[in-house]
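A.B. asks: Chains as they are written, first to last, in my numbering: chain F, 30 to 461; chain R, 2 to 254.
Each hint should be verified, as a subset may be incorrect.
[As the list claims (entries may be wrong)] Derived DSS-like pairs: lysine-lysine, alpha-carbon spacing no greater than 30 Å straight-line:
#, chain 1, residue 1, chain 2, residue 2
1, R, K143, F, K458
2, F, K425, R, K155
3, R, K126, F, K452
4, R, K169, F, K452
5, F, K425, R, K131
6, R, K112, F, K458
7, F, K385, F, K452
8, F, K425, R, K22
Calculated from the structure, these hints are not laboratory results. All figures in this text were calculated on a predicted structure; none of them were measured in a lab.
Letter by letter, the chains look like this.
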Amino acid sequence: MMPRAKLAQQKRDAVSALLDGRSLPAGGAWATKARKAAEARLRDMGLPVRRDEYWRYTDPRRLTEATVQPGQLHPQGDDAPVFDAIDRVKLVFVDGVFDPAASDAPELAGVEITPLAEAARTDLHWARDLYGTLEARSQNPVQRPLASLNTSYATEGMLIRVTGVAARPVALIYQRKNEAAEAMTHHLIRLEQGAELTILEDGPVAARYNQVMEVDLGEGAVLNHVRTQGRDHERAGVTHLFAQLDAQAQLKSFTLSANGALTRNEAVIWLDGADGAAHIAGATVGDGAFHHDDTVFINHAAPRCDSRQVFKKVLRHGAVGVFQGKILVDQVAQLTDGYQISQSLLLDENAQFLAKPELEIYADDVKCSHGSTSGEIDQSQLFYLRARGLPEDQAKLLLVLAFLSEALEEIADPALADDLRDKMEAWLKRRG
Amino acid sequence: MLEINNLHCELEEDTDVKILKGLSLTINPGEVHAIMGPNGSGKSTLSYVLSGRDGYEVTEGSATLEGADLLEMEPEERAAAGLFLAFQYPVEIPGVGNMTFLRTAVNSQRKARGEDELSAGEFLKLVRAKAKELQIDADMLKRPVNVGFSGGEKKRNEILQMAMLEPKMCILDETDSGLDVDAMKLVSDGVNALRDAGRSFLVITHYQRLLNHIKPDVVHIMSEGRIIKTGGPELALEVEENGYGDLLAEAQS
Numbered sequence: 030m031m032p033r034a035k036l037a038q039q040k041r042d043a044v045s046a047l048l049d050g051r052s053l054p055a056g057g058a059w060a061t062k063a064r065k066a067a068e069a070r071l072r073d074m075g076l077p078v079r080r081d082e083y084w085r086y087t088d089p090r091r092l093t094e095a096t097v098q099p100g101q102l103h104p105q106g107d108d109a110p111v112f113d114a115i116d117r118v119k120l121v122f123v124d125g126v127f128d129p130a131a132s133d134a135p136e137l138a139g140v141e142i143t144p145l146a147e148a149a150r151t152d153l154h155w156a157r158d159l160y161g162t163l164e165a166r167s168q169n170p171v172q173r174p175l176a177s178l179n180t181s182y183a184t185e186g187m188l189i190r191v192t193g194v195a196a197r198p199v200a201l202i203y204q205r206k207n208e209a210a211e212a213m214t215h216h217l218i219r220l221e222q223g224a225e226l227t228i229l230e231d232g233p234v235a236a237r238y239n240q241v242m243e244v245d246l247g248e249g250a251v252l253n254h255v256r257t258q259g260r261d262h263e264r265a266g267v268t269h270l271f272a273q274l275d276a277q278a279q280l281k282s283f284t285l286s287a288n289g290a291l292t293r294n295e296a297v298i299w300l301d302g303a304d305g306a307a308h309i310a311g312a313t314v315g316d317g318a319f320h321h322d323d324t325v326f327i328n329h330a331a332p333r334c335d336s337r338q339v340f341k342k343v344l345r346h347g348a349v350g351v352f353q354g355k356i357l358v359d360q361v362a363q364l365t366d367g368y369q370i371s372q373s374l375l376l377d378e379n380a381q382f383l384a385k386p387e388l389e390i391y392a393d394d395v396k397c398s399h400g401s402t403s404g405e406i407d408q409s410q411l412f413y414l415r416a417r418g419l420p421e422d423q424a425k426l427l428l429v430l431a432f433l434s435e436a437l438e439e440i441a442d443p444a445l446a447d448d449l450r451d452k453m454e455a456w457l458k459r460r461g
Numbered sequence: 002m003l004e005i006n007n008l009h010c011e012l013e014e015d016t017d018v019k020i021l022k023g024l025s026l027t028i029n030p031g032e033v034h035a036i037m038g039p040n041g042s043g044k045s046t047l048s049y050v051l052s053g054r055d056g057y058e059v060t061e062g063s064a065t066l067e068g069a070d071l072l073e074m075e076p077e078e079r080a081a082a083g084l085f086l087a088f089q090y091p092v093e094i095p096g097v098g099n100m101t102f103l104r105t106a107v108n109s110q111r112k113a114r115g116e117d118e119l120s121a122g123e124f125l126k127l128v129r130a131k132a133k134e135l136q137i138d139a140d141m142l143k144r145p146v147n148v149g150f151s152g153g154e155k156k157r158n159e160i161l162q163m164a165m166l167e168p169k170m171c172i173l174d175e176t177d178s179g180l181d182v183d184a185m186k187l188v189s190d191g192v193n194a195l196r197d198a199g200r201s202f203l204v205i206t207h208y209q210r211l212l213n214h215i216k217p218d219v220v221h222i223m224s225e226g227r228i229i230k231t232g233g234p235e236l237a238l239e240v241e242e243n244g245y246g247d248l249l250a251e252a253q254s
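Isolated chain F (complex conformation):
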């Protein structure tokens, strides 16, 4: 074993090498201050390596190495479009850069939308208070250096502040035009007391990308977040959703993910006010040499909050699925209701599912449950369907969809859930 100090030094050296010759992006006073602080955090932590407990199941090298491995651009129309029938404000990013010409006018009653590139030059108070704040908060108890890297070097992203009930969803749409582009986006979302918003994300971001979304929900605010990560097979992506919730606020986040060489989706949620609710869910389809990692940390820091984690993965042909999920219940968080389930359906012997569910509870009157399972298609269900006349392939498809649908049920809006179900079915039918 390498001594700890030596490993830590190597990680720091790796950061220095990565940042060598780069300088922090130009910006106004608040942005520069936040970036400098984040860079200092990053230099202190070093780059993640597989030796880190938090990266035990997922090798981060592809996210940290000097060169970006290019990813083939899929022709337009290769994927079934998603959210097309949903009336939404479209904000388009091309290779990680906001493209106003391709976007809708950012006008929606009760919603202020400002690109980060523009906001960083002005004095936007709410953004100043939020940018990098939750990322910094997320560094304890587990270090997330890639998020600090993002805070310090991201120049693109969308800042969205909501003061009312948004009539339409805001959609962040990612497009790729460059095979080897690397993208770093940092979004901020602040919902004032009682505000409501649905935020959608879809499309291939870049060959390699690092995203942070910091979410601050005021009392009674409701945010629905639904995203898809598509069939851009060679992508290497890490995303971070950081959210703090005031009393009675509600957050629902759902991710549909297919393939990708390496995808790590982290979510860190703080239930800071009483009676809040956070539901984080995901459905993953992995077929081939793909690696998908969901890493979730939910901190119950106030009484009577409710949290759910529901993750379903269908894997075959060497695909690897990872789930690390933790519920931490502080001493004050009495009457917490915490639920966590992670399940995989392994369609052949070459697929692998690694799960690390954790509960840490300091309050004495709570209800928390967690479960993790790994299995194959149920033969008695398959026979039942076939005995009613369904061909084997169709019966299997139906069972796979049924398996994933429990996660889809976590989506609040049935129209969005139906849309994703169709998308999922199209993906599954194209496999094989």
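Given the coordinates of chain F, assemble chain R onto it according to the supplied hints.
C.D. replies: Just chain R now, kept in the frame of chain F:
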């Protein structure tokens, strides 16, 4: 309709376990046959072998449906050819809506037979009418297949599938198990409504009471993988009265 000749089968994973040992049976169109017998006589295995469940190896004999070799077909091909098994233990399938399942099943079979698929409207009209007869409410149609259904609801759901799929040869595997008197009447009425000159039934049961409702033309007694006695409805009454003991002794002597 169904012709079974000298059928032998054993368990795939333990070939020492022989279950069917030369079973022969002929069911003509429009006939209702009942098979009765003690536990372990191979009644349910017969239904699985006919419908194509994995795990059994047929070592000898044949089974044909209207002359077509059943044993060569996949389970879904047997279904499309007109064979239907009402399961003793209908399987719960979370995440699949009962209605979706029914429509997919009906249309898969139609497609396999080269017929046009039913439109959503036609299907809905049909399923509502049939469900009503079986006192299956809209909620049961919406719920996932058999999930949270009571024993009686599961069996009614089986009969609904049978009514929708309109098979030629229906095998009912202990459909009376777990049913109270009212549910038994509902299920039997559902079955009787489907009786016609072109459709045959094989009713597998432990008890005579189901046969009060679904009146058989022929009753077979099965033991140790074979039919040991065949007769009319009175044979079932005899079993009810005296048990299987005398019949088994008679067969052995």
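A.B. asks: Evaluate each hint against the coordinates.
C.D. replies: For each hint, the structure was consulted:
1. In summary, the hint linking K143/R to K458/F is supported, as the alpha carbons are separated by about 25 Å, within the 30 Å threshold.
2. With a C-alpha separation of about 22 Å, the suggested pair K425/F and K155/R falls inside the 30 Å cut-off, and the hint holds.
3. Proposed proximity of K126/R and K452/F is supported: the alpha carbons are some 29 Å apart, at most 30 Å.
4. Restraint check for K169/R and K452/F: the C-alpha separation of about 38 Å exceeds 30 Å, so the hint is violated.
5. At roughly 28 Å between alpha-carbon atoms, K425/F and K131/R fall within 30 Å of each other, so this suggested pair holds.
6. For the suggested pair K112/R and K458/F, the alpha carbons sit about 18 Å apart, so the restraint of at most 30 Å is met.
7. A threshold of 30 Å between alpha carbons decides the hint, and for K385/F with K452/F the separation of about 29 Å falls inside it, so the pair holds.
8. As the CA atoms of K425/F and K22/R are separated by approximately 34 Å, the hinted pair breaks the 30 Å bound.
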